[in-house]
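Could you put together the complete structure from these sequences and hints?
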Amino acid sequence: MNSNPLGSLAVHFALLSLFAIGGANAAIPEMHRIAVEIERWMTERQFTDAFALAQVSPGPNVIIVTLIGYHVAGLAGALVATAAMTGPTCVFAYVMTRLWDRFKDAPWRAAVQTGLVPVSIGLIAASAYVISGAAVHTWLAGAVTVATAALTFFTRLNPLWLFTAAALAGLTGYV
Amino acid sequence: MSVPPVKRPGLLELFLAFAGVAVVAFGGALPWSRRLIVERRRWMTAEEFNETFSFAQFLPGANMINFSVVFGTRFGGAAGAAVALLGLIGPPLVIICVVALLYARYGNLQTLGHILSGIAAAAAGLLIAMTAKMAVPLFKRGEYVGPIIAALVFVAVGPFSLPLQWVLIVLAPLSVAIAWVRR
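Just so you know, the protein sequences line up as chains V and R, in that order. Using the numbering used here, count along the first sequence one by one with no gaps and you end on 175. Using the numbering used here, count along the second sequence one by one with no gaps and you end on 1183.
It is worth saying that the hints were derived from the structure and are not from the lab. Small disclaimer: the values here were computed from a predicted structure and weren't measured. Cβ coordinates follow ideal geometry from the N, Cα and C atoms, glycine included. Any given hint could be a false lead.
Computed from the model, here is a short list of chain V residues facing chain R with C-beta under 8 angstroms [what the hints assert, rightly or not]: (1) G7; (2) V11; (3) A14; (4) L15; (5) S17; (6) T48; (7) S57; (8) T97; (9) A135; (10) V136; (11) V144; (12) A167.
Written as structure tokens, this is what we have:
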């Protein structure tokens, strides 16, 4: 392990974030390369566990970075990794929003927006596909997924009820 | 039918809204943010939400983190961006550290694993439903280009698992070019 783990956490995640188009989930392979192969912060098993924990923990998906930082250098590591992953890109996002909104009425902006929306929706659909594939291994898990999808789409039920029901279904051990 | 936004949130409301989303956002923050912003508070229409999310997604970095900054900037400038971001990232940061501690101690308990499997299956269902809801505005007025582009991206990145950057480099400019020609 590096003698200055906080420094390497900051540099790795700040660089990673600047190239992460398509979100945190798209950057998972690169995070794996850094944490397991290059820096050897974690074993394969520890990385898989961190990914699973980040998935089931509430919050944005990027929270896996916090876990990796925590694993490497405790609370300070968690804070440094999270700040490095979000800080520079947030400043960039703020500046870009200001710039973008200056061209509110430009016809090219409307075309870019109209063009990018379907691409975005395709990407979300793809991640729904990947996440379902990872979560559904039994017929009961499939039933939970389908029921949650249908009830969320057709009703205004608070999804927390569905999560409670799903957790109880999980307790049976058949999900 | 989309209802025009009626209110603009203040800074405290913005912070509480994103913090409230963050603490329940199992399976990622997107479905919960959309539910709050479009369905409950009506701060944005379905179309506005799609455009804002799409813009955030094409910026480098985590999607929902970017989304909170873009949304916060539009509704409250730099201060709005800061409070939205803090709301979204603060509570989960605390929770995940507690989870990490618990997991280090009890991670091998089979019961916990079973409960987590159930939650993961529900989270997948929630994301599927939210994708469907976001896709609804694509189908307005007999529109066909948007649905085709979305389907192509989905098939390429999902079932075929082609490299994301190549799919984006080809399909994003194509989609924008088509939108420009048909404007």
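We went through each hint and held it up to the structure:
no.	hint	in the structure
1	G7	violated, 20 angstroms
2	V11	violated, 16 angstroms
3	A14	violated, 10 angstroms
4	L15	violated, 11 angstroms
5	S17	holds, 5 angstroms
6	T48	violated, 12 angstroms
7	S57	holds, 5 angstroms
8	T97	holds, 4 angstroms
9	A135	holds, 4 angstroms
10	V136	holds, 6 angstroms
11	V144	holds, 4 angstroms
12	A167	holds, 5 angstroms
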